[in-house]
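S.K.: Sequence:
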Amino acid sequence: MSCSFSVLDLVPVRTGQTTAQAIASSMALVKAADELGFRRYWFAEHHNMPAVASTSPAVLIAAAVTQTARIRLGSGGVMLPNHAPLIVGEQFAALEAIAPGRIDLGLGRAPGSDPVITQLLRRTGTTSEAQQFPDHVQDILQLMGPDGATVRFTSGDTYEVRATPEATGVPEVWLLGSSDFSAQLAARLGLPYVFANHFAGDGVERAMALYRQEFQASESHPAPVSFLTANVVIAPTRAEAEERALPQLRQFARLRSNKPLRKIETIDEVQQNPSDALEDSLMQQNRQRWFVGEPREVADQLAAFAETHGVDEVMISPSAGAYAAEPAGETPGRLATLQLLVGAL
1 MSCSFSVLDL
11 VPVRTGQTTA
21 QAIASSMALV
31 KAADELGFRR
41 YWFAEHHNMP
51 AVASTSPAVL
61 IAAAVTQTAR
71 IRLGSGGVML
81 PNHAPLIVGE
91 QFAALEAIAP
101 GRIDLGLGRA
111 PGSDPVITQL
121 LRRTGTTSEA
131 QQFPDHVQDI
141 LQLMGPDGAT
151 VRFTSGDTYE
161 VRATPEATGV
171 PEVWLLGSSD
181 FSAQLAARLG
191 LPYVFANHFA
201 GDGVERAMAL
211 YRQEFQASES
221 HPAPVSFLTA
231 NVVIAPTRAE
241 AEERALPQLR
251 QFARLRSNKP
261 LRKIETIDEV
271 QQNPSDALED
281 SLMQQNRQRW
291 FVGEPREVAD
301 QLAAFAETHG
311 VDEVMISPSA
321 GAYAAEPAGE
331 TPGRLATLQL
341 LVGAL
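Residue numbering for the sequence shown follows UniProt numbering, beginning at 1 and increasing consecutively.
Incorrect hints may appear among the rest.
[Claimed, not checked] With a Cα cut of at most 20 Å, we get these calculated SDA-like pairs of lysine to any residue:
(1) 31 with 117
(2) 259 with 340
(3) 263 with 48
(4) 31 with 67
(5) 263 with 20
(6) 259 with 286
(7) 263 with 23
(8) 31 with 4
(9) 263 with 114
(10) 263 with 340
(11) 259 with 279
(12) 259 with 117
(13) 31 with 48
(14) 263 with 2
(15) 259 with 275
(16) 259 with 280
(17) 31 with 340
(18) 259 with 281
(19) 259 with 94
(20) 263 with 31
(21) 259 with 269
(22) 263 with 273
(23) 259 with 98
Worth flagging that the hints you see were computed from the coordinates, not collected in a lab.
Using the sequences provided together with the hints, build the complete structure.
M.R.: Okay, structure coming up:
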C-alpha cells in the first residue's frame with residue numbers, strides 16, 4: 001500500500017520564543033510542506049497553554065493560505081463545544097471561498113481546555129453543548145451548503161439561514177476522536193474519520209473497526225475514508241532524533257502527571273535538568289508509540305503502521321525539539337523531519 005503524508009501543527013512555543021516567532025516558524029513549515037508535496041496541513045485548537053500558540057485554527061488557516069499554493073488546509077480540529085455552529089460554518093465557508101477545494105473542517109467533541117477556560121469561552125459568545133454534538137455537526141453541514149438550513153418555529157413559520165450567500169463549494173468535514181463515539185457518529189453520517197493516535201494510542205483498532213463496519217454511504221463519501229495521526233521525529237542520526245524527541249516527550253509526561261505546564265523546553269534544558277522517576281516512566285511509555293529515528297527506518301515504520309491499520313495516509317505531528325543555540329524564529333528540527341521523510345520515500 002502506498003502511503004501519503006500530512007502534517008498536524010499545534011504551533012509549539014519553546015523557551016525564549018515569542019508567539020510571533022512560533023507562528024512565523026509554523027508559516028515557514030506549512031510553506032515547506034506545500035512545496036514538499038504533503039497532502040494536507042491542519043492546525044489544532046488548544047487554549048491557555050504556555051507551549052501551544054494554535055488557539056484559533058480558522059485564523060491560522062487563513063494565514064497559511066497566503067503561504068501555499070496546492071496543499072489542503074484545515075483544523076485538527078475545531079472543538080465544537082467552544083463555538084456556535086453558525087460561527088464555525090461562516091468561518092469555514094469563507095475559507096472555502098478564499099481557497100476553493102483546499103479546505104478541511106475537522107471537528108472534535110472535547111472542549112480541549114479546562115473548566116475555567118470553558119466558562120470564559122461561554123462568556124465571550126454562544127457555544128455548543130457537547131451532548132448536542134451530533135445535531136450541531138449536521139447543522140454545520142447544512143449551513144455551509146448552497147441551500148443552507150431552515151429554522152422551524154413552533155408557530156409553523158420558517159427562517160432560512162446560510163453560512164455564506166452563494167456557496168459554490170463546501171469544505172470537507174472530518175470527525176476527530178479517540179473513542180468509539182466519534183467513530184460511530186462518522187460512520188452513521190457517512191463522513192471521514194480520524195483517530196487521534198498522536199495522544200491517545202489505545203483503542204485505535206476497535207475505533208477503526210467500528211467505523212468501517214457501521215459506515216453508511218453518503219452522497220459525498222460512498223466508502224469509508226480515514227487516516228491516523230502519529231508523533232514523528234526524524235534526524236540524520238538516531239542519536240540526534242532521540243535528543244530532539246526529549247522536550248515534547250517530557251511535556252507529554254508533565255501533562256499526564258498533572259504537573260504545571262510550561263513552554264516547551266530546549267533539548268539543553270531537558271538534559272541539564274533530569275526528569276524524576278514518574279516523568280521518566282511516562283516518557284518511556286510514550287516513546288514506544290512515537291516514530292523516532294533515521295529517515296529510512298521511520299519511513300518504513302510509518303508505512304507498516306499505515307498498512308497495519310488499513311489507511312493510505314498518516315498525519316504526522318513533527319515533534320522535534322530545538323537546541324538552545326538555534327534561532328528562535330525557526331524550527332530546524334521540525335523542518336528536517338518533513339524534508340527527511342520525503343527524501344526517504
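S.K.: Given the hinted pair residue 259 and residue 280, is their alpha-carbon gap at most 20 Å?
M.R.: holds, 14 Å
S.K.: Has the given pair, residue 263 with residue 273, been kept, meaning a C-alpha gap of at most 20 Å?
M.R.: It holds: about 15 Å lies between the C-alpha atoms, which stays within 20 Å.
S.K.: Is the hinted pair residue 263 and residue 31 satisfied, with a Cα-Cα distance of at most 20 Å?
M.R.: violated, 24 Å
S.K.: Tell me if the straight-line CA distance from residue 263 to residue 23 falls inside 20 Å.
M.R.: holds, 14 Å
S.K.: Keeping to a limit of 20 Å between CA atoms, is the pair of residue 259 and residue 279 held or broken?
M.R.: holds, 10 Å
S.K.: Is the Cα-Cα distance between residue 259 and residue 117 20 Å or less?
M.R.: Distance of about 18 Å is within 20 Å: holds.
S.K.: Run the distance test for residue 31 versus residue 340: straight-line Cα separation, threshold 20 Å.
M.R.: holds, 16 Å
S.K.: Given the hint that residue 263 pairs with residue 20, does the C-alpha gap stay at or below 20 Å?
M.R.: Holds, at about 14 Å.
S.K.: Need the status of pair residue 31, residue 48: alpha-carbon distance at most 20 Å?
M.R.: It is violated: about 26 Å lies between the C-alpha atoms, which goes past 20 Å.
S.K.: Are the Cα positions of residue 259 and residue 281 separated by 20 Å at most?
M.R.: holds, 14 Å
S.K.: Within 20 Å, alpha carbon to alpha carbon, are residue 259 and residue 340?
M.R.: Since the Cα atoms of residue 259 and residue 340 sit roughly 34 Å apart, the hinted pair is violated (cutoff 20 Å).
S.K.: Need the status of pair residue 259, residue 94: alpha-carbon distance at most 20 Å?
M.R.: violated, 39 Å
The structure does not agree with the numbered hints 1, 2, 10, 13, 14, 19, 20 and 23 stated previously, though it agrees with the rest.
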